[in-house]
Structure formats: C-alpha cells, structure tokens
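Colleague: Those sequence lines, one after another, are chains A and B. Sequence positions in the first sequence follow my numbering and run 1 to 800. Sequence positions in the second sequence follow my numbering and run 1001 to 1175.
Hint data in this document are derived by calculation from the structure and do not stem from the laboratory. Heads up, some of the hints might be wrong.
With the Cβ distance kept under 10 angstroms, some of the chain A side facing chain B (calculated, not the full set) [said to hold, decoys possible]:
| id | residue |
| --- | --- |
| 1 | E38 |
| 2 | Q202 |
| 3 | L205 |
| 4 | G206 |
| 5 | G256 |
| 6 | E288 |
| 7 | Q514 |
| 8 | L693 |
| 9 | Q702 |
| 10 | N721 |
| 11 | S723 |
Far from chain B, by Cβ distances over 12 angstroms, these chain A residues were calculated [stated by the list, open to error]:
| id | residue |
| --- | --- |
| 12 | F39 |
| 13 | L45 |
| 14 | A160 |
| 15 | R318 |
| 16 | R432 |
| 17 | V497 |
| 18 | K685 |
For every residue, glycine included, the Cβ atom is placed at its ideal position computed from N, Cα and C.
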Amino acid sequence: MTDLSLHGALHQETQERVSGGVGESAGRPDGTLKVTGEFAFSSDLWADDMLWGATLRSPHPRARVLGINLGPALALPGVYAVLTHEDVPGSKLYGLEVVDQPVLAIDEVRYIGEPIAIVAADHPETARRAIDAIRVDYEVLTPIVDSEAALQPDSDLVYADRPGGHSADGNITRHVAVRTGNPDATADVVVTGDYEVGMQDQAFLGPESGMAVPAEDGGVDIYVATQWLHVDRGQIAPCLGLPADKVRVSLAGVGGAFGAREDLSMQIHASMLALHTGKPVKVVYSREESFFGHVHRHPARLHYEHGATRDGRLVFVRARIVLDGGAYTSSSPAVAANAATLGVGPYIVPNVVIDSTIAYTNNPPCGAMRGFGAVQACFAYEAQMDKLAAELSIDPVDLRIRNALAEGDRMPTTGQLVDSAAPVAQLLERVRSRPLPPSTTGEDGEVDLTTMPGGVSNTTHGEGVRRGVGYAIGIKNVGFSEGFDDYSTARVRLSIVGGEPTVMVHTAAAEVGQGLVSVQAQIARTELGIDRVVVLPADTSVGSAGSSSASRQTYVTGGAVRAACQAVRARVLELAAERRGAGYSPGGTDLSPEQRSEVGGPLEGPSGGAADLHSLDLITLLGDEEIEETVEWRHRPTYPLDPVTGKGDAHVQFAFAAHRAVVDVDTDLGLVRVVQIDTAQDVGKAMNPQAVLGQIHGGTAQGLGLALMEEIQVADGQVRNPSFTDYLIPTILDMPPMQVDVLELADPHAPYGLRGVGEPPTISSTPAIAAAVRAATDRPLTRVPIRPEDIVDLAATSAL
Amino acid sequence: MRLTCTVNGEQRETDDIWPGESLLYVLRERMGLPGSKNACEQGECGSCTVYLDGVPVCACLVAAGQAEGRSVATVEGLAGRSGVRTADTMPGGTEIDGLDPVQQAFLDAGAVQCGFCTPGLVVAVHDLLRRIPAPSDPQIREALAGNLCRCTGYEQILAAVRLAAMRGSGIGTPP
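Work the whole structure out from these sequences, hints included.
Modeller: Right, dumping it as structure tokens:
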C-alpha cells in the first residue's frame, strides 16, 4: 500500500458516510430484543411435544456405585426415559483437554453433584419426581478433600487408574515450574506470606440450559448456551457415537458465561434423551443445580517470598502455588501455567522460582473463570508488594513503579519479550492521581446511613468506622497460549438485499453478553463502508471461532471478520475492474491498474488506510451476484513452556489494569463498604467504548465479589451454600461509583491495535480492595473473601 | 387447575395447570411469555419481576393460583404503551417505535450485556420511576437492590435510570 492519497481520501469518506464503525459505541443488534423480553435465551426454548430432562446427581463426594434401580422411576406416568452410563452410545468419557469425565458415573462418583442418571418426562415436576424415585446403592468412601495433603506421596489417589495412564503422578493434575536466575539468591530485605483464595463461582444469571432435537438423518440439533460451539461438538459427537456432521450445535441466547460454559453441562444428556425418545428434550438447571453443573474458580494456597534491596528493587520472588482442581481435569493445566507464568506480576525480577501445582481431589471440579489463574497469583503477589513496601517504608505505589515491567522488557518468568505497550507505571500513576472521595464518616452532625457500612440496616452512625485506601495492578495473557493453534473463521457475504447493499457476517463465535455481535458488525461497516450489516446466528455450519474466553474473541474473531471483509472488498474491486474493462463504468472512482492490483493484494485496516466500496455503484455492479469469502485467521504463533525452566514465548499478548479501592470498614462488626473504586486499563483500541466500559465495570464487580463475599463453601467435599441466598454476589448497593481511565496504546501485532479487555478488571480489583481493608484495619487479611470474623478480633470481643 | 387472569391487558384462560406451578412457570411455559427470567427461582435475583395488580413481585414466588382474577403485566407488555420515541438511539441499534422510555434508556446507556437480568430490571425501574420520577442515586440503589446483574457492575444501569428520569415523561402505566 503505497498510494497514500488514495488511502487518505477514501478513509475520510468512510468515516463520514458510515456510522456505527470501529471505535464508536454502536448499539447492540440484540439490544431491542433483550429489553423487550423477546430475545430467546437457552432456557426460553420451546418445541411442540417437547420433554423435560432432569439429572440425578451424587449426594456423596466419593463413593462406589454398587447398583442403580431405575424401576420406580420408569413406572411413573409421564416418564419417557431413564438412562445411565450403560445407555451412552459412544465414548463414556469426555473432557476439554483430557478425556476423563464420565458422561454419567460408571462405577464411582468423584464429587458431589456428579451426574449418575438422566430422565425425560412430560413435565419438569414429573422429571424431578422420577429422579427422586431412582434408587442408587453406594459404598461411601472417604473423600480426598485437602489439596496439599493430596499432593503428598502417601496420599490416597482420586484415580486408581488414571485415564491416560499417568498414575505415577499421584494426584498431580499438572505442575508448572519457573526457574530464572539464581534460585538461592539473597536480599537485604525478605518478606514472606501465606495466602488463600476461596472457591469463586461464575454465577452467571442464565442457568445451564438448552434443547436437543432429534433429526431425520439420525443426528441431533442442539441449541445451547456455550462459549465454544465446535469444542462442544468435538466432545458431544464421540459420546453419541455420531460423526461430527450429524451433531449440529447452534448458539442459543447466553445469559452470561465468565468461563463456566467452557465445559459441557447438559449437552450430551439432552441429546441422549432426544435420540432415545425421538422427541425434543429441554433441560434447564435450577440455580442449586447450576452450582453443581459447572466448574468453579480454583481455590488456591500460595506461599510467597519476596526479596528486595534496601532501595526497593526486587531481587527474587519464590512461590509455591497449590490449586485445587477437584475431581476432573477440565482446563486445569492451562490455569496452572497462568498462575506460574504470570505469578510475579508485572514486575522486573532477576531471580524467580515458582512451582504451580494443581491437585486432583474429591472437591467440585474447577476450571475456567474470568482471570484464569492470574487472579489467585495477583492476590498474593500484590499483598506481598504491600508488605514489602511497609517493610522498606516506601510508598506502595512507588515500590510498584520502581519495579514496573515496561515494553521492551522480558517477562521475568518465561523470558518472553514484552513487545507492545506495557504501561504498568502509567496505569498506577493514573489511578493514584484521581481525586479521593470525601469522608463519609460522621463526626457529629447528620449521618447518611446509605453511606455507612451496613447501610440502612442502621448498624453504625460512624462509630468504629475506619477508612482505608489500597492499590493493585495485575497482568493477564490474552488468547490461548503454549502453542495452541488458536484461530477463528469468518464468512462474509456482500449482496443486494431489498435494493440495498447488505453485508452478512457469519461466525461460530459465542456472544455471551460482551457485545461481540456489535463489534463484528462495526468491523464490517468500517472495512466495507456499508451501513447495513447482519450478524447471523452462531452455529457449527461455519468453521470454528475458538472460545469466547481468555479475553480473545474480539482479537481473534475480530481479526477473522476483518480479513474476510478485506477479501470480499478485493473481489468487488476486481469485479469492478473487470466490468469496466468490458465497458461498464462503476460510479465515481477511476482506479489505475496499479491501484487495482494494490487493493487486490493484502489490505490494511482503516487505521492504515483502505480502499472502500463507497464510490462504486454496488447495486448495478453486483445485481444478483453474491460475493462471499470465508477466512480462517490466526494470531501469531505461541510456543510451549520449557518443562524445567518455564521459558518460552508462550503468550500472544499481555494486558494490564490497575485499581485503587477506597473502603470504609466498621471495625466492630467487620462490615466493609467500598466507597469508590477507580481503575486504569490499556485496551489498545476501544473498539466499542461503551462496551469496553461495561467490561471494566462488570469485571471489577466480580473482583469485588471475590474480595468481600463470594465463596462456595466446601466442607468434606460437600457444598454448603448452593443458592443465591447463601452465595452472595454484589448488588447495586455493594458496587461503588467507579472512575475509569481507558488508555489506547495500539499493539502493532493485533487487529486495530486492540488488546483483550475482559479479564484484567477482575484481577487487580480483588487485591486493591483487600489492601484497602488492611489499611483500614491493620490486620494481615491473607485470605479472600475477607469475612467479618477476619476483621473483628472475636477472641478479644468475647473477652469483653 | 384452570387459571383466569389478565396478562398485559388481555384476558387469558389457561387449563391443566399443576397447582405447584409458579406464576413464572405459567407465564413462561404455558402462555408463551418467556420474557420474565428464571435465574434463581427463590426471589433473590429479581429477574422474574412482573407487575401483579400494579405492584412489582417476583413471579417465581407467586403460586399460579394466586394470580386468579388478577392483572399481570410483564416486560413484554411495556413496549408500545408510551408512544414516546427518543431521538438519540445509538447507530447500529435496532430501532422500533414505542419502546418504553426505560427500555430505550437501557439501550442507550449500555445497560444491556447478556440481558438476562434486563427484563426484571426494566420492570423494577419502570415501577421506580412511576413512584419517584427523579430519584437520587441512593434511591435508585435501594430500589434495585433486589435485582442482581452479573455483567455490568451496575454503573450503566444507574446511567440508564438517570437517563430515563432526565428524559422525563413518557413512562407508561403498566397494562
């Protein structure tokens, strides 16, 4: 692309003629349906003659299944099918990375809530009663519930015979080691800490649900809320004993995901019931069942040692991280790698020793949740940075800035070059420079209860309330790492529909709420200069888009849509040139042969300038013709980690966010009110500023939840709080006002320079709030969520 | 069991209801009105908020029989009642005539992500603005404390409520 005047002129015209392109807060194509209640979520599906599926789940975290009596269930009127593992037509096991999870328990249950049998009936209540009528004989076994004990050589094993035959590894799901520099380095000042992160739930609002419809060709059509249609199909088809092309998966409306829909839930079960009964089968988990129906964030125990010089330069970080993966592998191996490779945070450290290990236990399986291994490590390393700052009498933000990673540095863990913006110091400065909120603690006069910890519960009028301010910064990898072939596919078609040029964009990428449907349309408008864009429903009739996770989908599917649009544009310009050669004169533009060959070659995005189609009379040019291109697009390759040292260019891109939290703590009751939380994040390019803010607000809220309230309480393998009454997520009263600073420092390797947005806000918000509560209470608070009893000295209180 | 009630202004008669069914189930599965959502079914999340005789309730906590002879308004019944159309719809969004101002404000302010909480919130905000046309932020927070949202962190929901309030009149009465 050398003809700058051409780029410039056409680029400006695009900007003027088409609104709703890249960089604008274009509205959601699904927005109107969502506000009117007409949008079809996966739990809203309905078919004539459909049945309701239900699942019998294990009440024991570990037991041998001695026998199952289906008779009483089958005898109930309205029951059409009761199926067990014996009825699984194909492979009895499935799994995201390791095929180790039974579709239905075979001879042993390994966690509470593991599916054992499934029922189809004419009413959900009939199905529930049938589930209750099934009799299972168990030999209850002692569950393995302590992740650290599970890693001891003498531990009982979750798997006597591990699928894949790795029994020599004991209960180790994966161990990732990082070794940089001198493992025995010494320093002037050393701080040590032991930290703990509880099991967080994604708590999406739309429960696991969907419908399977038997097809005439012997296959099945599945409508489900998921994050990755093709990897679902890749697991479903072998279990059904069907070729992939007979399993067609379409995305039903997704009521939030946050990682919890990466693993399968009801997909195979509903399909088995549908194929068995010949009827459509709908499955909708209740909220309680949902807590057993998906993986959670790994609980973690982290031991950290930070060594530094007197003037506050990090000399070493040594860490031992143990994550509880629960009974099945899920995405644990990648979580272990994230915790290790991102385990010192965005800092320069010459000497690093990290051992990150995930253990199998009989606790609920853990896997993907927003932040994915980076969350747990960040809570610990940021607590350590504050501890170190206190030890050195250096301001905690200054200490961070003194050690901040920057573009051109190498990751202290993997050695990978950080080859795009890493504004760690700048983000910290920005949150620090924001004005602080005024004090809400009443001295004498009137107190507004809504500003107090405890709110209108009237628990304090300011007495015992102390304010604290805390900072944190985090780092996250964007995209799938360690050599994974991470790609997306986009099909783009240009045709004249109803007398108007219309672009259809078809991908299999899951819209989970983040606004990907908007972004796909925006990219098409920008690349083609055509206003009317239809984003088709996602399904498996087009190639894989990869997962809507790892903050990757706008990057990768966005890249694919852009590439497909560019291919369409090149063909239109070729067509225009051909027609002109044959005497047809396209309106407006008169491209020289050189220009034609240029625009027919690789095309730059609008940031680099581009030829567009505005100047052509597309209606005359295309007539009935459709121009369609399908493109598979990959980001640059990544590479595996060295198994001994953890070295390697394992990650695609790094993303950073910083938070400052201001809290008021009622130190008598242990109640915390977050007064304000401010953040700064580099997003490379704000593709849709309003949606970017939405990600930052929402991600921060989930981090606040982990800091102060969210934990699945597991005791002896049992989940004690599977409901929204007992598992608390932040309400609008819990969320404070936020000031958000969005930086746009383009990453030259990424489409439009964009940087993944979704996860960073969830990573640094938790440790910032924890730091603020520490500042208010002078307590170590080494565990999140912080509970009232961690703040109030119960022993001292009871002595009064 | 037969249920007779008014839903979104229309008299509805539904047969063969099992007495254990909730109003939410009947709306969603028997009346073809799945707009009200089923996120917790124990009254914690507010996703199923509907008007019952003009008062917002969690439809999951109302037994179907309790709606006998009464008037129910759901999110599906709000559009098309105000006749007000706002001018500043974002580019790229789908415009339809007659969205309720609350619905329009949710779109314009970016208050919709996955959208599962949206129907319940739209009804709850509609009720709030009928009672308090210009609520303060603390009033908004108190009024919406029973509606969980997992995507937005509530900032853009607050913005939507402020926007709808600022635009003033046009909140329709529930059908």
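Colleague: Give me the numbers of the hints this structure contradicts, sorted from smallest to largest.
Modeller: 10, 12, 13
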